[in-house]
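So the protein lines, in turn, are chains A and B. All residue numbers for the first sequence refer to this note's numbering, where the first residue is 4 and numbers rise by one. All residue numbers for the second sequence refer to this note's numbering, where the first residue is 604 and numbers rise by one.
Any given hint could turn out to be false.
Subject to a maximum C-alpha distance of 27 Å in a straight line, what follows is the list of computed DSS-like cross-link-like pairs (lysine-lysine) [as the list claims (entries may be wrong)]: (1) A/Lys223 <-> A/Lys5; (2) B/Lys830 <-> A/Lys246; (3) A/Lys242 <-> B/Lys736; (4) A/Lys246 <-> A/Lys227; (5) B/Lys900 <-> A/Lys223; (6) B/Lys885 <-> A/Lys246; (7) B/Lys736 <-> A/Lys28; (8) A/Lys198 <-> A/Lys185.
Because the hints were derived from the structure by calculation, they are not lab data.
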Amino acid sequence: MKILVCITHVPDTTSKIQFTADNTKFDTTGVQFIIGPYDDYALARAVELRDQTGGKLTVLNVGESETEPTLRKALAIGADEAIRVNASPKDSFFVSKQIAHYAKEGAYDLILMGRESIDFNGGMVHGMVGELLGLPSFSPVMKLDVEGTTVQMAREIEGGKESLEASLPLIAGCQEPIAEWKIPNMRGIMSARTKPLNVVEAVSEETQAEATSYELPPAKGAVKLVDKDNVGELVSLLKNEAKVL
Amino acid sequence: MSVLVYIEQSEGKIKKTSLEAVSFAHALASKTGEGDVVAVALGTIEQGELAAVGSAGAAKVLHSSEEKLNAGVIQAHASAVAQAFTQVGAKTLVLAKSSLGDAVAARLAIKLNAGLVSNVVALPSTESGYLVKRSIFTGKAFAETEVTTENKVLAVKKNSVDLKTDGGDAAVENFDVALSDADFSSKITSTERATGEVLLPEADIVVSGGRGMKGPENWGMVEDLAKTLGAATGCSKPVSDMGWRPHHEHVGQTGVKVAPSLYIAIGISGAIQHLAGVNSSKCIVVINKDPEAPFFKAADYGIVGDAFEVVPKLTEALKAEL
Ligand SMILES: Cc1cc2nc3c(=O)[nH]c(=O)nc-3n(C[C@H](O)[C@H](O)[C@H](O)COP(=O)(O)OP(=O)(O)OC[C@H]3O[C@@H](n4cnc5c(N)ncnc54)[C@H](O)[C@@H]3O)c2cc1C
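Go ahead and model the full structure; you've got the sequences and the hints to work with.
In structure tokens, the structure reads:
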């Protein structure tokens with residue numbers, strides 16, 4: 004089976020979010036970048052499926068050269084090759100066009116990615132790529148098993164889950180508990196150094212909805228503490244001050 | 604010209620988030636002069652439910668009662684909504700951000716060649732360009748996004764608009780959808796729904812428990828409090844990882860993002876990944892025995908104390924008051 008996993012390169016989940024002085028760019032000072040947590044689930048499941056069925060697992064990121072350590076980490080986790088589409092990811096539409104363009108050539112059986120990135124939280128790329136390639140897309144997928152060309156999935160719905168059956172090829176936006184995250188071991192890290200990481204040029208594409216400026220929410224005031232022996236006071240504050248009851 | 608709204612339903616009931624989308628569309632249409640709001644509803648809908656769509660500001664509902672559309676088959680819904688968009692001559696599609704909404708919106712953005720903004724928190728400003736404010740970094744920041752296409756898709760974040768309830772009656776029209784086999788290339792084999800009465804993603808009040816609850820056998824306390832408040836229950840990630848609670852109750856960066864009026868966190872430390880899923884709540888109450896728990900920094904009100912002592916007392920006090 005040929006599997007493509009699309010990964011994002013995002014600030015670590017504990018990063019302090021701040022922007023440059025003119026509020027037009029994310030300030031990367033002191034920020035560590037990681038594989039998007041949802042993409043990590045997709046990658047972990049893809050490694051298992053490749054190990055079961057054989058074939059090849061390719062990871063792809065649309066990004067500039069600073070994302071290569073993230074791609075190397077994906078290779079260390081178990082991908083066979085990595086592709087970097089050399090462009091700054093401007094919006095979901097632009098990224099989807101790049102992925103669809105690349106994936107069309109590869110004729111993948113399965114394209115997995117995270118349900119959303121944790122920076123822009125769009126949750127759009129799987130659907131857009133699906134529509135661009137004329138393939139069915141499913142998200143958020145929390146279970147995915149392949150038997151021949153039949154795929155059994157479970158998708159999270161608000162307040163529950165739905166089991167589905169579909170056929171390869173398809174696209175899935177993944178989330179836990181589809182697989183346990185895999186941590187690269189020494190052998191993985193060593194072999195990642197020699198696995199191919201190919202850079203391909205982006206196709207020229209417009210953007211449709213690009214961020215132009217950023218802002219932070221207003222700072223939170225201090226907490227009001229209520230004595231544990233006086234819970235009635237909390238009830239009255241919620242009712243009369245916060246007006247949420 | 605009209606603004607089209609995609610309505611989501613579950614077992615015949617229209618989702619509150621979709622009514623918020625209608626309210627948003629109504630305010631948008633008034634602002635931009637885009638004409639009426641038309642809603643498109645798919646599948647079997649309980650009688651009387653469509654009236655709320657009118658109250659929220661829609662002038663018309665296109666309803667296809669095709670049973671095959673009851674389940675949220677992503678491609679079929681995307682095809683149907685694209686047909687409605689063309690039929691009413693809309694330029695803007697509004698929907699609620701949700702797991703189905705996202706999946707449908709993404710396919711529509713390509714079908715309609717429309718710039719798509721997700722997690723929208725305010726009406727667009729149109730004075731210089733079409734600028735839409737959206738929530739990013741899981742609620743830790745906002746981005747102003749410029750949409751440059753003629754057609755537009757806006758996925759509205761829950762609880763970011765006031766629900767309109769004083770609209771009129773919506774005319775309900777039968778909507779004939781042409782669907783192909785390809786639209787149904789996947790088959791939904793079963794659906795499991797949460798048994799609770801209030802669904803977490805849409806709840807106005809959420810009561811969550813963390814590892815401090817010590818074990819699943821203690822959840823009765825959390826549920827009693829939730830029941831008293833008419834709230835949904837949630838939990839932190841380790842709690843669902845350990846199987847104390849079902850996965851769909853897991854709140855946070857990698858779980859459900861909630862934005863209720865009131866969020867009560869019991870025995871949850873307030874790790875940044877948990878906070879990311881709750882920081883859009885209007886009011887946060889924290890109950891934790893550790894005065895240094897980071898959650899107190901994000902809270903509006905707090906009680907330092909043992910949950911096993913405080914929570915039953917709080918439930919009693921609320922019962923007396925409500
Ligand atoms: C990539 C990534 C993504 C993550 N995503 C999420 C996410 O989406 N959601 C999430 O929740 N976590 C997430 N986490 C995990 C997160 O970092 C924390 O580990 C988790 O939130 C801690 O859960 P907790 O507060 O229930 O448990 P703990 O950190 O163990 O805290 C328990 C709290 O209970 C208090 N307590 C104990 N006993 C009592 C008592 N009797 N009465 C009152 N208080 C008591 C303690 O003082 C403590 O503050 C993620 C982590 C990573 C790395």
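Each hint, compared with the structure:
1. A/Lys223 <-> A/Lys5: violated (49 Å)
2. B/Lys830 <-> A/Lys246: With a Cα-Cα distance of about 19 Å, the restraint between B/Lys830 and A/Lys246 holds, given a limit of 27 Å.
3. A/Lys242 <-> B/Lys736: violated (31 Å)
4. A/Lys246 <-> A/Lys227: holds (15 Å)
5. B/Lys900 <-> A/Lys223: The hint holds at about 8 Å.
6. B/Lys885 <-> A/Lys246: This hinted pair holds, its Cα atoms lying about 10 Å apart.
7. B/Lys736 <-> A/Lys28: Holds, because 16 Å separates the two Cα atoms, which is no more than 27 Å.
8. A/Lys198 <-> A/Lys185: At roughly 18 Å apart (the allowed maximum being 27 Å), A/Lys185 and A/Lys198 satisfy the hint.
Of the hints listed earlier, those the structure fails to meet are numbers 1 and 3, in rising order.
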